[in-house]
Structures are given as C-alpha cells and as structure tokens.
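Undergrad: Can you build the whole structure from these sequences, using the hints too?
Spelled out, the chains give:
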Amino acid sequence: MSTYDCTTYYCNNGWNEVISHLSPYSWANWGIAIGLGFSVVGAAWGIWLTGASLVGAAVKAPRIRSKNLVSVIFCEATAIYGVILAIILLNKVASPKDVSYNFSSNWPWANFYFAGYSVFFSGCSVGFTNIASGISVGIAGSACALGDAQDSSLFVKILIVEIFASALGIFGIIVGIIQSNNAMFPTQ
Amino acid sequence: MPGQTVGLGGMSTFNMQHGFVEALVRGFRSGFLQDESYHHLSQCDTLEDMKLNLQETDYGQSIQNDAAISPPLLEQRALQKMVTEFFYLRAQAVEPLATFLDYITYEYMIENIMLLLRGTISGRSANDLLAQCHPLGIFSESTMRQIPGFDASPRGYSDLYETVLVDTPVGVYFQRYIDTQAKTKITVASDVRGVLEEVQLEILKHSIMKLYLEDFYAFCVSLGGETAEIMGGLLRARADRNAINITLNSFNTPLNEPAMRDNYRKNLYPSFGDMYPEGTELLQRADDEAKLAQALQPFAIYRPIAERFSHTGGAHDDFSVDDEFYRHEVKLYELAFESQMHFGCFYAYVKLKEQEIRNLVWISECILQRRKDQIGKYVPIFSKADNRPGAGKGGH
Numbered sequence: 001m002s003t004y005d006c007t008t009y010y011c012n013n014g015w016n017e018v019i020s021h022l023s024p025y026s027w028a029n030w031g032i033a034i035g036l037g038f039s040v041v042g043a044a045w046g047i048w049l050t051g052a053s054l055v056g057a058a059v060k061a062p063r064i065r066s067k068n069l070v071s072v073i074f075c076e077a078t079a080i081y082g083v084i085l086a087i088i089l090l091n092k093v094a095s096p097k098d099v100s101y102n103f104s105s106n107w108p109w110a111n112f113y114f115a116g117y118s119v120f121f122s123g124c125s126v127g128f129t130n131i132a133s134g135i136s137v138g139i140a141g142s143a144c145a146l147g148d149a150q151d152s153s154l155f156v157k158i159l160i161v162e163i164f165a166s167a168l169g170i171f172g173i174i175v176g177i178i179q180s181n182n183a184m185f186p187t188q
Numbered sequence: 001m002p003g004q005t006v007g008l009g010g011m012s013t014f015n016m017q018h019g020f021v022e023a024l025v026r027g028f029r030s031g032f033l034q035d036e037s038y039h040h041l042s043q044c045d046t047l048e049d050m051k052l053n054l055q056e057t058d059y060g061q062s063i064q065n066d067a068a069i070s071p072p073l074l075e076q077r078a079l080q081k082m083v084t085e086f087f088y089l090r091a092q093a094v095e096p097l098a099t100f101l102d103y104i105t106y107e108y109m110i111e112n113i114m115l116l117l118r119g120t121i122s123g124r125s126a127n128d129l130l131a132q133c134h135p136l137g138i139f140s141e142s143t144m145r146q147i148p149g150f151d152a153s154p155r156g157y158s159d160l161y162e163t164v165l166v167d168t169p170v171g172v173y174f175q176r177y178i179d180t181q182a183k184t185k186i187t188v189a190s191d192v193r194g195v196l197e198e199v200q201l202e203i204l205k206h207s208i209m210k211l212y213l214e215d216f217y218a219f220c221v222s223l224g225g226e227t228a229e230i231m232g233g234l235l236r237a238r239a240d241r242n243a244i245n246i247t248l249n250s251f252n253t254p255l256n257e258p259a260m261r262d263n264y265r266k267n268l269y270p271s272f273g274d275m276y277p278e279g280t281e282l283l284q285r286a287d288d289e290a291k292l293a294q295a296l297q298p299f300a301i302y303r304p305i306a307e308r309f310s311h312t313g314g315a316h317d318d319f320s321v322d323d324e325f326y327r328h329e330v331k332l333y334e335l336a337f338e339s340q341m342h343f344g345c346f347y348a349y350v351k352l353k354e355q356e357i358r359n360l361v362w363i364s365e366c367i368l369q370r371r372k373d374q375i376g377k378y379v380p381i382f383s384k385a386d387n388r389p390g391a392g393k394g395g396h
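Same order as they appear, the protein sequences are chains A and B. Throughout the first sequence, residue numbering follows this note's numbering, covering 1 to 188 in sequence. Throughout the second sequence, residue numbering follows this note's numbering, covering 1 to 396 in sequence.
Treat the hints loosely; a few may be bogus.
[Claimed, not checked] One side of the interface only, derived from the structure: several residues of chain B facing chain A at Cβ under 7 Å: (1) G19; (2) G27; (3) I63.
[What the hints assert, rightly or not] In silico lysine to aspartate or glutamate, EDC-like type, Cα no more than 20 Å apart, as pairs: (4) B:K331 with B:E229; (5) B:K291 with B:E278; (6) B:K266 with B:D215; (7) B:K372 with B:E111; (8) B:K384 with A:D151; (9) A:K157 with B:E338.
[Said to hold, decoys possible] Anything over 10 Å on all C-beta distances counts as not near chain B; from chain A, calculated: (10) V40; (11) L49; (12) S53; (13) C124; (14) T187.
For the record, the hints were derived by calculation from the structure and aren't laboratory data. Glycine included, every Cβ here is placed at the ideal spot set by N, Cα and C.
TA: Rendered as structure tokens:
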C-alpha cells in the first residue's frame, strides 16, 4: 500500500473507483471485440472438430461429402451471429461532436455509462453462448458424419441434434440485441 | 510449433489431432464382410465360386489379379490388405496415437522374433523364415536378416544381444526379461548366453508377451479418459485369456509339476487383468481341467467357458476353448466401436480383421476339404443376427 495520501482528482481509492473510471468507450469496444472474437473462436473450433471427421469418413464413403457440409454451415452460422451483433453494436458507438479535452457541462453521464455497460455485456452474451454452441455443433457434426458413413438413415436424425445445438447461439444473439436496444452513446 | 505434440484430448479436443484417423478407421469398419456375404460364401461349392463372391466385397481389389485362390493365398491377400490399411492409418497418425499404433505392432514383432529364433535353431533358411513373418511386425530388414544368422556360440549370442536386444523396438522387453532372470544386472554380453540357452523358447515367448502386455496396459492407463477405460477392459480380457491358455496348454507337459508351477508358470501370468490376483492364484494351483473350471467359476464372464469344460469332460470334438474365447472377444471388440473419441477402435479394428481372416481361411478350408457341415463355425463380426450391441447396419 502506498504511504502517500493521494489528494488530486485523479487518484483511484479502491476498486470501485478504478472500475467506474474506465471509459464507457473502452467498455463498448471491448464488448464488440468479445462478441465477435468468441463467436468466431466457437465457430472455428466447431468446424475443426467436424471437418476432420468429415474428411476422414468421406475417404471410404464419398457420398456423404455434400450432405455433411450442412454441419459446417451450422458452425459458420454462429460466426455470422457474432458478426451481426458486432455490426449492430458498433453502430451505437458514436464519438462526441465537439472534439475537446473536457466533455460539455451538460453531458448526459447516465446515458453514457449505461450505453457502455450495455454494449459490453451484450457482446459477452453473444460471445460466450456462441463458443458453447460452436463446440457443441462441432462434436455433433462429427458424430453425424461418422454415422452417415455407416448408415445413411442416421443423417437426418442427428441433424436434429445439431439444430438444437445451434439454437443456443440464437438465444445469445436474441438476448444480446434486446440488451443493447436502449444503448445510445451521447454525442453532445 | 514443430515438434510440439498435443495430448489425447477429451471430447472437445480429440478431433483436432485424431479426428481424421479415427474417421478413416471407421470407414474401414464398413469394409467388414456382412452377414449376406458370409451366407453366400458358405453356399459356395468350389473355391472359384468363393472368388466370385469375394469380388463383390471389399476384398475384390485384393484378389482380382489371382487366377485361382487357395486358403494360404487368400490368407496372404487378406492379411496384406489389412496391413496396407493399418500402415495408411499409421502414416496419418500423430502422437500419442502413433505410439499407440506402434504398440499394436510390437505384439507381431515379438512373434516374428520368436519365429526366427525357433526356425534358426531347427535349421531353416533365413529367406523362408522371413517370408513367413507377419507383415505387421516387420522392423528393419537388415536387423531381421541378422537374427537367423546368429550361431549358437558365445560370439553368436553376444551378437544376438547387440542386434535383437538393442535395435528392435521390443528390445527393451528382452532386456527386462534378462534382468529379471539374472539376479544382477548383466553388463557382459556373454552372460546373456547363459540365460537364453537354459530357457525354452515357449517360456521366453510367454514371458516377453507378459512384459509387453503390462507395458501396453500401463501406457493406455496413462493416456487416461475413455481410452484408458475401454483399452483397459480389452487388455484385461486379453491378459485373462493368456493366463487361461498358459494354464491349459501346460497340462500334460513338465510345466504342470508343482515345483515348475510355482517357479515358472506363475511368472508367466500377466500381473493385471480381471482375474488378477485371486484368479491367477487359483489358476496356478490348477493341474487338470476340473480344477481349471473350478478356478473360473467365481468370474461371471468366464463361467460359460468353465461350464463347457465340465460338460464336455475330456473329449473336445466340437468345442475348442480358442473358439469360445474368439467369440467372447469379438463381442468386446465390437463394443469398442460404440463410442467415439478414444483409441480403442484402432486396436479393435486390427483384432477384428484378424478374426475375419481366420473366418475366411476356415470357410475356404471347409470348401476345399468338402466339410460343409463344419462351415458354420466361423465367428460373425458386426452381425445383425443377435441382439448384440455391436449389431447394426453397416456398410453402404
């Protein structure tokens, strides 16, 4: 602990001050990055899992090649949810009209902070749900490819499992959009 | 980063390194002969018919260049197909799957080395012996040629030590065996001669196999996860089968004497398995078939085999304990294909292919010798007939 008593305006006395002094612009842009980044990680992970099995199973059963690309498309969809939400969110982030060192005296601080937190956690919603959804679709897609190679009547049944898995990503983007609906970064 | 290896991985990371190879082996699973194929083959009257029927199966490619098939030729072609597929898998595998597949081949290397040693002592030519070696267990050709070349002189044995025991991947088992036989660690090659001369080759083979199985089991357990569970079960069943077979084959041989039982036979039983240690204690004391059946009674899995013993008594016309074990093991190996993302299916694939080759040879021999009544004794694999878990539609 410091032995000097801090007396200026810019001291951070405790975590409460540290966290509340983080700029809402920072919160918002982190949120966009998390939302997009984790969604893409989930999608990529899922494609890695299902693509490896798909390629291997297609060696002996080439007929499964085209049908099982659906699993890859489901994984891709989780990445698209991330991109959609990221675009929605970044349209909310707006910089102030007057570029000056201080904000104006009647700056709407409440809206400012609300917008920051709202965009951050909306991005988190989408990011974390999509990483789970992507991995889940990947594992189910791998089993789908292997099952289809042995017995083609299994494909449609296991596809239903994948549809439920990718529904998890949809939950994320729905909640994320609603969460960030009222967020509006003030411009003056 | 080059050289960095990823571990086995759980459900969410297994496919990254091993997904492709596992999918390949499951593709090979659909190449097994189906019930209909076995039915057609059993109806054949001549080997030409059998060849025609086989051409529609996965074996068609392997035998299409042969004018006529005979049981040994069929076995050779089928084995070559399996070996080609296995080495395709091995080429695509990364660690730890690569080590796992290597462990599967060590068993055949040990058999090959024993074959070469036995053949050399009975004076057969090196080329004959090399042609008879199991293709999965071939290590470097030059090393293999040197084994039949050794002569039973002190210099010969020390050469054997330096080539067989050092260059081969299974050399470590020979090293350990010699260490356990000699009370002190051997550093001079001439001491090796003493050990290798006194020990009969059969006991040597069983001891090396025991060391190999224990090493393989320890490796599988160290991999953890579902591989440890499934491979552990398969290897324990294997250890039990070895123990029972050693006991059974030692009846009516000098190894059955009480003194020999304690000193020699006891050390041949693997030190793991469902029957270890209480069951192997009972097996060690068994010196005839009744006691053997009694020893197997506490184990529910082996009780049917024990009952077959006590019912048929001394005559074994239509019952062979090997057949019973094959049937039992085929069920276990089929189950290894049931779950995904573990290594058990590779081991099961090799063993089931071996069984299929035995089936084909059996059917072709029955056709050749016109013993069609015996033809039904093959063990169906992935059969839809029973309500077994492994039964299901396979193939395309």
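Undergrad: State for each hint whether it applies.
TA: Cross-check of the supplied hints:
{"no.": "1", "hint": "G19", "verdict": "3 Å, holds"}
{"no.": "2", "hint": "G27", "verdict": "3 Å, holds"}
{"no.": "3", "hint": "I63", "verdict": "19 Å, violated"}
{"no.": "4", "hint": "B:K331 with B:E229", "verdict": "16 Å, holds"}
{"no.": "5", "hint": "B:K291 with B:E278", "verdict": "14 Å, holds"}
{"no.": "6", "hint": "B:K266 with B:D215", "verdict": "18 Å, holds"}
{"no.": "7", "hint": "B:K372 with B:E111", "verdict": "32 Å, violated"}
{"no.": "8", "hint": "B:K384 with A:D151", "verdict": "13 Å, holds"}
{"no.": "9", "hint": "A:K157 with B:E338", "verdict": "17 Å, holds"}
{"no.": "10", "hint": "V40", "verdict": "17 Å, holds"}
{"no.": "11", "hint": "L49", "verdict": "4 Å, violated"}
{"no.": "12", "hint": "S53", "verdict": "5 Å, violated"}
{"no.": "13", "hint": "C124", "verdict": "21 Å, holds"}
{"no.": "14", "hint": "T187", "verdict": "44 Å, holds"}
Hints 3, 7, 11, 12 from the list above are not met by this structure, while the remaining hints are.
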